[in-house]
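Engineer: One letter stands for each residue in the lines below.
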Amino acid sequence: MTEEVMLHGCLNNNAASQEALYTRFSPRMLGVCYRFARNREDAEDMLQEGFIKVFSQLHQFRNQGALEGWIRRIIVHTCINVLKKNKKFSESVDLIHASSIHLNENNIHSILQAKQVVESIRLLPLGYRTVLNLYAIEGFSHREIASILDIEESTSRSQYTRAKAMLEDILIKKKILYKPREHFAMTASGINK
Amino acid sequence: MDRKFYTDEFEDLIKESADDFKMYPSKKVWQGLYNDLHPGRRWPSLVVTFAFIFGLLTISHLNTHQLRQPNIDPAIMAYPQTNSSGANSSGANPILTSSSFKQNETVSMQQPPKTISPVKSSIQNLSFYDFEDDVQITALTQIANGNSYKTPVNTANIVINASSLKSIYSNGNQPDLKLSQSLRSPEYLINYIDNLPNILFINAGLLSKTSANLEVVTTVETQQTVDVAAPKAAIKKLKTSKVRWMYSISPTVSYRKYTSAEALNANIVLSGLMNALPGYDVNRKFSQHASSGLETGVTMKYPLNKHLKFTSGFQLNYSSYIIQANTIHPMMATLLLQNQTTGMPYAYSSISYYGNGPGVAPVNLRNYAVNVSVPVGLEYQVGGDERVKFYVAATVQPVLALASRSYLLSTDNKNYLTNPDMARHINMATNFGAFMSVNSKKINWQLGPQVNYQLLSSYTDVYPVKEHYANYGIKLAFGRR
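Protein sequences, first through last, are from chains R and G. My numbering numbers the first residue of the first sequence as 1 and each following residue consecutively. My numbering numbers the first residue of the second sequence as 1 and each following residue consecutively.
Derived by calculation from the structure, the hints in this document are not laboratory data. Just to be clear, a hint being listed does not mean it is correct.
[Unchecked claim] Below, a sample of chain G positions facing chain R; criterion: calculated Cβ distance under 7 Å: (1) E11; (2) K15; (3) S17; (4) D20; (5) F21; (6) M23; (7) P420; (8) D421; (9) R424; (10) M428; (11) T430.
[What the hints assert, rightly or not] Pairwise CB distance ranges, derived in the manner of DEER restraints: (12) R/R157 with G/E16: 21 to 27 Å; (13) R/N86 with G/T58: 36 to 42 Å; (14) G/V360 with R/K85: 32 to 38 Å; (15) G/K28 with R/G65: 14 to 20 Å; (16) R/N86 with G/Y453: 53 to 59 Å; (17) G/A347 with R/H59: 25 to 31 Å; (18) G/D461 with R/G65: 35 to 41 Å; (19) G/N364 with R/L11: 35 to 41 Å; (20) G/D20 with R/K53: 23 to 29 Å; (21) G/R480 with R/Q57: 55 to 61 Å; (22) G/V451 with R/F61: 51 to 57 Å.
On a predicted model such as this, the values are computed, not experimentally measured, just so you know. For every residue, glycine included, the Cβ atom is placed at its ideal position computed from N, Cα and C.
Make the full structure from the sequences, and use the hints.
Structural biologist: Here it is as structure tokens:
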């Protein structure tokens, strides 16, 4: 089913077209939700809520960009809205609270490459994780993040810096990432070939 | 510079990894989404079920009410004032008892009732046959006031009231056995024959004690006349009494038959995705077994002649069968469908949670269909006596699918997936059966085997595999005699 036919069917509330669209984009979108959510169940709830918005707002899609990008943006905003409903979320993006967070290394597991990175991101505290997701992966600016999360722009920057440092630490410990000196040393000695 | 390079690499790593990351949602997400997007599709089955129950209750109520309608005065009998030529001796207007149809507003008395005078009459040469619960008098001769009148069958209209004349009739003749069985029911409408200008009430107990020469002493309002419309209205009301309603329930065993001849359409075979080996039989690709079903409904029966009845009605049917599959890690599965216009295949892909081979855990998937249908057919009596009769029956049934779920085997035979939009909503079925009919005091019971076969595939023609439900059941039906 072409994207045009699928979109036309979805606009006419055709179940087969809706399922086709859902089937095509849901796996990647669930991956997005999973990075924001606490667990898989929450991620699926976010996904469902997000796709309801996608189908209800599909008439606003103007074919001026990729459909996936448009859907992804709705899904991300849905995830943020779901997180913001949680009182703990507003605390977690608070800088003072975030500074006192320490990583529980026992949660680090060795898993496949892409999933390893995602699971590593999910090990971050909620506030760190959210800012990192929005900035590094979804491409929002710190100003946009500050607006979305109702925080200061400087807070977003700090959250991201700390999140990145913590994630870096996790990835190094999981041997997914190497420190520059270590990396070059290993490359030079042929270990990393 | 190392640091900058490292930072870029790090950010690229997490972005690429995150972008590549996919997870397959569980099926409940789509189900929840589907229910939210199509809320109306959850309700038809409930609405029709309520409508069905309401319909049954209404019909039941009307049926009962109808039987009470002829409010017969037990003390009065009216009969045609005919002479030997069959003409009405009292003129064009027929005679009707004043109290026979008290509730019928169309009766308009042209003259006030006069004194009721006893009339002695005899009914001779009774011959009749029994329609399960109807006694149809095929010929009778009346003698009234010393004159003998022949009332041909097509002009006789006889309603027998069990208690109407019992008190005023006495006759020492031996009971007529043919009549006695069916006329024991009190207050029961026995017979109606078209075109009679008025109504005659005869005591049931009376007839049961008489022989072929039946003598009746009764009272008749000889001068009371009614509007011509009155008997017509009365007759119209009585006409419905010939219709019998039966309520039925039938536990069934449901299974399916697959045909795949069209699945081997050349285009699909050429596409290389369909297994086209000689002897390919789609029925062998599944591990499936029959499951229980249920059929319930109400049937109207109208006698066309002594042995044949026209039947129609309304049925609710649930059929299902089980697919033995295995849960798997969600993955994409593909169906090759056939464009009905061009004949070319095209692919439909969906997330599959169930495999047709090894998997995480065994699971039973249920394919089911909930249908309403309007069967139209015939029943033929092949034997029996007055109390027990044997019939064969056949109907064709236009079917409306209210709800269904079909797990479809992917084209590579490895996975199951669903596509609700491929379900056929209008179908046709046929039903064959034989049953035994037994009369109890007030109820007629029917019991016998039946087979229901779905003529058109459960899926639209885009799906090359055809599925036909077959339901084998024992039907129990009951209704008032």
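Engineer: A separate judgement is required for each hint: does it hold in the structure or not?
Structural biologist: Status of each hint after checking the structure:
1. For G/E11, the interface hint holds, since its Cβ comes within 7 Å of a Cβ in chain R; the closest pair sits about 5 Å apart.
2. The restraint placing G/K15 at the interface with chain R holds, with a minimum CB-CB distance near 5 Å, inside the 7 Å limit.
3. At a threshold of 7 Å, the smallest CB-CB gap from G/S17 to chain R is about 3 Å, leaving the interface hint in force.
4. Checking G/D20 against chain R: minimum C-beta separation of about 4 Å stays under 7 Å; hint holds.
5. The closest approach between the C-beta of G/F21 and any C-beta of chain R is roughly 4 Å, which is under the 7 Å cut-off, so the hint is satisfied.
6. A least Cβ separation of about 4 Å between G/M23 and chain R falls short of the 7 Å threshold, and the interface hint therefore holds.
7. Residue-level restraint check for G/P420 holds (minimum Cβ-Cβ distance to chain R is 6 Å; threshold 7 Å).
8. Hint on G/D421 holds. Least Cβ distance to chain R is approximately 4 Å, under the 7 Å limit.
9. Here the hint on G/R424 is broken, as its CB sits about 14 Å from the closest CB of chain R, past 7 Å.
10. For G/M428, the interface hint is violated, the least distance from its beta-carbon to any beta-carbon of chain R being 24 Å, above 7 Å.
11. At its closest, the beta carbon of G/T430 sits 30 Å from a beta carbon of chain R; the interface hint therefore is violated under the 7 Å criterion.
12. For R/R157 and G/E16, the hinted distance range of 21 to 27 Å is satisfied, since their beta carbons lie about 23 Å from each other.
13. For R/N86 and G/T58, the Cβ-Cβ distance of about 53 Å falls outside the hinted range of 36 to 42 Å, so the restraint is violated.
14. Between G/V360 and R/K85 the Cβ separation comes to about 34 Å, which falls inside the hinted range of 32 to 38 Å.
15. Judged by the Cβ atoms, the range 14 to 20 Å given for G/K28 and R/G65 is violated: they are separated by roughly 31 Å.
16. Under the hint 53 to 59 Å, the C-beta atoms of R/N86 and G/Y453, about 56 Å apart, fit the expected range.
17. The beta-carbon spacing between G/A347 and R/H59, approximately 27 Å, falls within the hinted interval of 25 to 31 Å.
18. Between G/D461 and R/G65 the CB atoms are about 38 Å apart, so this pair conforms to the stated range of 35 to 41 Å.
19. Against the hinted window of 35 to 41 Å, the Cβ-Cβ separation of G/N364 and R/L11 comes to about 38 Å, which satisfies the hint.
20. For G/D20 and R/K53, the hinted distance range of 23 to 29 Å is satisfied, since their beta carbons lie about 25 Å from each other.
21. A hinted range of 55 to 61 Å holds for the C-beta pair G/R480 and R/Q57, which are about 59 Å apart.
22. Evaluation of the 51 to 57 Å hint for G/V451 and R/F61 yields a pass: the beta carbon distance comes to about 52 Å.
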